[in-house]
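Chemist: Let the sequences and hints guide you as you build the complete structure.
Numbering (our numbering), first residue to last: 2 to 422.
If you are wondering where the hints come from, they were derived from the structure by calculation, not from laboratory data.
Check before you lean on any hint, since a few could be wrong.
So the derived label-pair ranges between C-beta atoms look like this [as the list claims (entries may be wrong)]:
hint: 1; residue 1: F374; residue 2: E286; range: 29 to 37 Å
hint: 2; residue 1: K378; residue 2: I156; range: 48 to 56 Å
hint: 3; residue 1: L293; residue 2: G38; range: 24 to 32 Å
hint: 4; residue 1: S288; residue 2: L97; range: 39 to 47 Å
hint: 5; residue 1: F374; residue 2: S68; range: 46 to 54 Å
hint: 6; residue 1: F289; residue 2: Y61; range: 26 to 34 Å
No residue lacks a Cβ here, since even glycine has one placed at the ideal position from N, Cα and C.
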Amino acid sequence: MNLIIAPFITLYASVFLLMAGVGLLGTYLPLRLTVDGISTQFIGFIMSAYFFEMCIGALYCPRLIRSVGHIRAFAAFAATTTSVVVLHGLFISPLLWVVLRFLSGLSTIGLYTVIESWLNECTVPTLRGRVMSVYMFVSYLGMGGSQYLLNFSPIQDMRTFFIICLLLMLCIVPISVTKSIYPELPHFDQVSVRRLIRKAPVGILGCFLAGLLNGAFYAIVPVFCHIIGLSIMNLSTVMSLTILGGMVLQWPVGVLSDRFDRTYMLASLCLAVALTGILIVFVAEYSFFLFLLVMILFGGLIFTIYPVSVARAHDLFDSAEIVPASSVLLLCFCFGATAGPVAASLTMTVTETGYAFFVYCAAVSLLSAVIIFYLRKKEVITIVAAEDHSSFIPMKGTSPAAVLIDPRTEMDNEAGTRKRQ
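Modeler: In structure tokens, the structure reads:
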């Protein structure tokens, strides 16, 4: 345990504070916009700008990190993110907030890239799986726990922005005083997108769907909770436990995906999301307790689609192709997360009901399940036996460097290159 936690305690502390700040900001902004009377459709547009810039930042942030080093880059990205948060508070302008969310996406993915590449460089291959698990646990804990900070001040008060700035500035301190070796960020090779789509269409579809659901969740659920009249404390509880539900379900879903055909596993997750979304429509105003329980399940399901999709793609590629393929999968996630808030908010605007968000989630999930079953039936996809599966690893769509911590790349290197038709 000392080899997993002790060497990275400062990095984990920075991760916790960073994710707490990012998670709190992600919930507070749509809630604040709703209270200020901004339309749901425009809220979705504002929140999607964050994920759109993550698509661009994933391509260009590694260059800056290589040129100035990890600690300087981390400080620069954190200072930029903090400055952007301050500007949110100084200028309550929805149009300006589109630009600010755009800049926030760029700096945030830079922070993720620094931490994840650092963890990879300083971890021996045999411990990467456990280090990744601790990293994921700390990330979810920071995001989930920070939701209760919404209760420290009125929604239209500036103090929430101050709290977010405090968390983001404090995340610089642990990583600045670390005694760990400063790593070098490796170059990310490219893979043909056309070849990836042809060889792993289910993985591509799953990552895009995960983006559609995850991006819409963070942008719209706070709005929905406000629409149905939940108190800030209850809203915080819904957001917190839903996020933590995503952490808890990673392991049982991972075990099942290692034992059964991941194509069917992914389709089953899609169907479960659809059923859960419809169920929420019926229980949301009937009982807060039932609504909370179903939301925990809902969060657990939507947050596991991405790692299962990545694992499915890893089943089909040789070790040398896993890192570049994963970078493309991350971009697919970001594209989905960019479209998700816009599509969900548009659905709510057209139908004039907050429940349309869950109908949207059910519809895109059901459509994805149908497509997966169709591809399976037409034998368009490659079938991989359970004994040939790569191991499931809990993960989120954060940065291209996340796959470097992934022990599956090292496992394949040790086992030798496998040819899959």
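Chemist: All the hints need checking, so say for each whether the structure fits it.
Modeler: Checked hints:
Distance hint check: the CB atoms of F374 and E286 are about 33 Å apart, consistent with the given range 29 to 37 Å. As the Cβ distance of K378 to I156 is approximately 50 Å, the hint placing it in 48 to 56 Å holds. Under the hint 24 to 32 Å, the C-beta atoms of L293 and G38, about 27 Å apart, fit the expected range. In this structure the supplied range 39 to 47 Å holds for S288 paired with L97, their Cβ-Cβ distance being about 40 Å.
In this structure the hint that F374 and S68 lie 46 to 54 Å apart at CB holds, the actual value being about 47 Å. For the pair F289 and Y61, the supplied restraint of 26 to 34 Å is violated, since their beta-carbon distance comes to about 44 Å.
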